[in-house]
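Asker: In case you want the letters, here they are:
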Amino acid sequence: KQEVTQIPAALSVPEGENLVLNCSFTDSAIYNLQWFRQDPGKGLTSLLLIQSSQREQTSGRLNASLDKSSGRSTLYIAASQPGDSATYLCAVTPYNNNDMRFGAGTRLTVKP
Amino acid sequence: NAGVTQTPKFRVLKTGQSMTLLCAQDMNHEYMYWYRQDPGMGLRLIHYSVGEGTTAKGEVPDGYNVSRLKKQNFLLGLESAAPSQTSVYFCASSYMAGTYNEQFFGPGTRLTVL
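First to last, the protein sequences are chains A and B. Heads up: the first sequence is residues 1 to 112, going by my numbering. Heads up: the second sequence is residues 1 to 114, going by my numbering.
One should not assume that every hint holds.
Cut-off 25 Å, straight-line C-alpha distance, at most; resulting in silico cross-link-like pairs (SDA-like, lysine to any residue) [stated by the list, open to error]:
hint, chain 1, residue 1, chain 2, residue 2
1, A, 42, B, 1
2, A, 42, B, 7
3, A, 42, B, 54
4, B, 71, A, 45
5, B, 57, A, 96
6, B, 57, B, 7
7, A, 1, B, 96
8, A, 68, B, 97
9, A, 42, B, 110
10, A, 111, B, 84
11, A, 1, B, 84
12, A, 111, B, 26
13, A, 42, B, 53
14, B, 57, A, 11
15, B, 9, A, 87
16, A, 68, B, 100
17, A, 68, B, 9
18, B, 9, A, 45
19, A, 68, B, 104
I should point out that these hints are in silico values taken from the structure, not numbers from a laboratory.
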């Protein structure tokens with residue numbers, strides 16, 4: 001059974017700092033990995049989707065990497081801003097299965 | 001485009017009552033999903049649909065039923081609500097499955113069962 005873990009559960013950084021969020025998964029047989037942002041009381045917003053054949057994706061100040069063989073992904077946020085404060089979730093889509101598996105998320109706080 | 005919308009936003013039920021949550025998408029997506037999110041846990045898939053008239057079970061289907069009579073709508077039903085079903089429910093949709101399975105989410109429904 002695919003399990004997805006995100007460490008740390010919470011992270012607090014000063015504004016301007018570069019930071020890395022971690023995601024690990026137990027089964028490398030995946031179609032893709034997706035990073036989401038969730039603001040309090042809101043739904044999920046898709047940030048980046050990395051296909052299994054790709055190693056990274058970039059969008060603005062965000063860069064996500066994927067190492068399928070080691071079962072790891074990182075989300076790099078450059079020059080963090082208070083507006084980046086939110087919970088970040090990663091999820092994988094296993095082969096031959098529509099059951100996307102989510103991590104519990106990392107709650108990020110960026111202090112002004 | 002409204003994207004994915006969910007009705008209602010909040011609901012309080014008593015144990016044993018029934019209700020239906022409505023999800024609608026205007027992106028012409030084939031695939032639709034219902035998840036629940038509990039504190040300290042990731043989202044878990046309840047049921048999903050790969051097209052109009054089809055449904056399938058996810059990771060935690062017990063106590064729920066679903067229907068997809070129209071391509072744009074996906075309904076989640078609770079026939080006899082239990083306190084363990086207190087959760088936030090999210091609907092999502094995607095154009096394709098597999099490699100290109102990028103899911104788009106609704107704002108959620110917060111359900112409390114007393």
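Asker: Which of the stated hints cannot be reconciled with the structure, identified by number in ascending sequence?
Answerer: Hints 3, 10, 12, 13, 14 and 17 not satisfied by this model.
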